[in-house]
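Full structure from sequences and hints, please.
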Amino acid sequence: MTATAERAASALERYEAVIGIEIHCQLRTASKMFCSCSTQYDGAPPNTHTCPVCLGLPGALPVMNKAAVEHVIATGLAIEASVPEHTQWERKNYFYPDLPKGYQISQYAIPLAADGRLTVDTSAGPFTVLIRRAHLEEDTAKLAHGDAPSSSGYRTTLVDFNRSGAPLMEIVTEPCLRTAEQARRYAEELQLLLRAIGVSDADMERGQMRVEANVSLRPRGTEPFGTRVEVKNMNSFRAVERAIAYEIDRQAAAIDAGEPLSMETRGWDDGRQATYRMRSKETSEDYRYFPEPDLPPLRVDRAWIERIRDGVPELPAARRKRYVAAGITPYDASVIVADQGMTGAFEAISAAGAAVPAKEVANFVTGPHARLAKAAGLNPRGTAGPSDPREIAAILAAIADGTVGRPIGRDLLDRHLADGTPAADLLATVRSTISDDDDLLAHVEAVIRANPKAVADFRAGKPVTGFFVGQVMRATGGAADAARVTALVRARLEAEG
Amino acid sequence: MAEDLTTLLAHQMAARLRAGEVTSRELAEAHLARAHATDRGLHAWLSLDDDRALAEADAADARLAAARAAGPAALDALHPLHGVPVALKDLVSVKGGQCTAGSRILEGYRAPYDAHITERLHEAGAVILGKTNMDEFAMGSSCEHSAFGPTANPWDLGRVPGGSSGGSAASVAAFQTPLSIGTDTGGSIRQPAALCGIVGMKPTYGRVSRYGIVAFASSLDQVGPFGRDVRDASALLHAVSGRDERDSTSAPIPVPEDLVRLPSSDDEAAAWLRGRRFGVPREYFVAGMDPGVEARIREAVAVLAASGASVEEVSLPHTDYGLATYYIVAPAEASANLARYDGVRFGHSVRGGEDYLADYLATRGSGFGAEVKRRIMLGTYALSAGYYDAFYLKALKVRTLIKRDFDVLFEAGFDALVAPTSPDVAFRFGDKMADPVRMYLSDACTLPVNMAGLPGISVPCGLSEGLPVGLQFIGPAWSEAALLRAARAYEGATAGADWRQVLPRDLALLEDPGIATPAERAAAPH
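Listed in order, the protein sequences are those of chains A and B. At position 407 of the first sequence (counting the first as 1) the number is 407 in the numbering used here, and the numbers step up by one without a gap. At position 364 of the second sequence (counting the first as 1) the number is 364 in the numbering used here, and the numbers step up by one without a gap.
A hint or two may mislead.
[What the hints assert, rightly or not] So these bits of chain A aren't anywhere near chain B, every CB distance computed over 12 Å: (1) P62; (2) V335; (3) D411.
[What the hints assert, rightly or not] Derived list of chain A stretches under chain B, where covered just means 3 residues or more per stretch with a C-beta under 8 Å from a C-beta of chain B: (4) 48–57; (5) 91–104; (6) 293–304.
I should point out that these hints are in silico values taken from the structure, not numbers from a laboratory. Source: prediction; values computed, not measured. Using N, Cα and C, we set each Cβ at its ideal position, and we do this for glycine too.
Rendered as structure tokens:
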């Protein structure tokens, strides 16, 4: 725990934090929200993905991107929100150089999704975040501020309209969160959800998912909200948690010292690990929302919603539950579900080897397979490097049924991961497992004779069973069932005793 | 001396082009020459693009020649406007061309794309001569609010042509072009058509794509045609109508082919009136209207009755609320539509202020004229927190009532309503400039039609003290074919009327190269 987090925790003994989260996600669509420009502008030269519509030229008109609407509806269904039968577009009016029309086409009165929820696991147990609304709007252009005055004497700001008009979903929670951890977990879980249903890549570092938090404190046991501060520029989940903890600490210190807080927007400085004042929010801007006359109202019929519902895949929470039910630890289930690559590999291997215990697959997927996946990436079959889910399943099955011992099995898996050698070839190199007790007993007898000191230790009450089992396993080249060996060693030692 | 080609109607040009009696280049050259020679005193044009027009005319001639060689079917396949000159109000985007919307703030802007109707006109083979003057951002009823100086009325150069499409109307009335395109948000085609003695039509909202048209009020704006007769206007409407995927408010409703098949015979046209049912809304005969205008409208109604139509007085009870409602809805939409003129990307731009806000204020403060600023302020106010419900939301409700007034009558079986287009004939420069509300009242008889999204057409119906009067037909949504048939019928029934022989009174004056400009006339005390 950092010093700030500790102080925040102590502040929370006296104050209750009231936190609401707003998240903007860029939706994964081929074209922009209201024109046919491509959204694949990442890395492209400035102003190369533009047209009269997203430049806001005179006479240009918007045309709705249906796929973006479906993404928001899918999100709404995934967070158990209600989807209205009809909605409309509205103009949100304000002047800024990144907003070419002088208004943003957005949704105000009737969001595409309302009253949803998302349950997250926290260190204090499950917590349900209430989601007020999710709506669709268009993104703004990107400004690049010059540091120094140009030759003309002005400080210049350049505008790149590639991002202008990209579809953006805004998801707003109720002010129902109480800790920085809840906020981070909510953001993490929402990212998983958005990726699982395929509506957004939701990469925070690339600005595809932007988290803003409204934080205020009130003395424990009181109702009225304190002075609200908006925190922006949190570019990672860790930053979300730390920035909110910092704000809780900062606000508590101010209240304790009798200093007034002001309604303001603060930014998170990752280098200084502190928030800083960006601008005042004392006066709320009047956006003069009104229905967008260039777009007809949108009817959302039930059949359309049901078609979208049919396309919503298993959600992260349900998947975790299923994995735990299959015998995986809750921790491993979280680790696997949090990573799309691991999830894919787990599903592919499980599908290829129905008989392999889930726990066996989970250990492999989170262990050696994860290391190779990181180094070599995933193949179209869903597993790392040259490997194949069917071959992996075959080796895991051999380990699980005791056909090969665990150390040899691990070795075989490593060899398969390295060059993709088929399981049958690998297994053929291993001597068939010594399952005959007579053979095993011969090995046990030999190690007991060879280690009189250990036998003496056994008589003295020291735990030496593992030592003997290890010796037998080594003598058999791992080709023995460790459980059986353990039983035989125990029996033989009892006889000695 | 060669015949003056500028006196021809568009459908006469079409016939001669097909017969090989005239070329598109000859038509374009004749009209460009007349426009150049006569526009000092009229100022109907903001730009004439001779090179582009002649290139388009040559292309039209080439296609004509190819069609003629291919046979009669190929000739028939050409649009009636093929090779015919047309003018565009200077808010229609033409790739590479200026598009000022009558405003300083768009000076220097070149549209990088064609409007849908520009594409449609090119497909039809029409020849675009240039761009016409207008009230700034189509806000006005006199063309006096153009940042580039007013346009005069060819009937009396001391008077306005109406607006906002004043340049488009005046150019057609002055034989500088047979056809022009305007836009109508509250009467901006029909009122200048009436004041200039020509035909002008606002189609059903959604009939013509607004893509590439500089927006004033998005839920009211419609593109429409001007012509010197109903058939010409109808053919131009046919050319530019139809669904466009890029305008989500354009309707997927087929364009009636009847628009290019109106009867050429006046008697045949007039015979259509027999058994038709027209309503005459009593609220449109407003207090203070010009008695000459009222007399001409009553006479026109009598002509319809005499031709076998039944005519009944009807009521549109919410008409009185039209103006107030319009002046909330239209400025509200305009306040947002005009926010993009910020000097950041194109057009007029003042830079070097303390911050971006200072540059916005300087750019917009110097780039917009007084009327535009007035409407931006009206609209901003109407949408502001605390006022939205009392103004904007209430206006939307009243708008529904106004629309229902019309629905009730059309459901009761009226083919069309007949009313004055404008309560006045053309007024003198400056007469209404000091009092915006008086100016706004010029559109009292036209703007309810925009509020209801209906088609309306103004046709000449005589003169009052030597100045033209317009008769308005208003039809149900998507009834353009019938409405044009009705207008053509009235035209046929009055084909022999003496007033039809009267040419705009000051046409001859326009030939004088030293004539006073409209700006000079407007500035001079009268």
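Against the structure, the hints:
1. P62: The claim breaks: A:P62 does not keep its Cβ more than 12 Å from every Cβ of chain B (closest is about 7 Å).
2. V335: The assertion about A:V335 holds, with a minimum of 46 Å to chain B.
3. D411: holds, 62 Å
4. 48–57: It holds: at least three residues are needed, and the segment 48–57 of chain A offers 4 whose Cβ sits within less than 8 Å of chain B.
5. 91–104: holds (count 9)
6. 293–304: holds (count 4)
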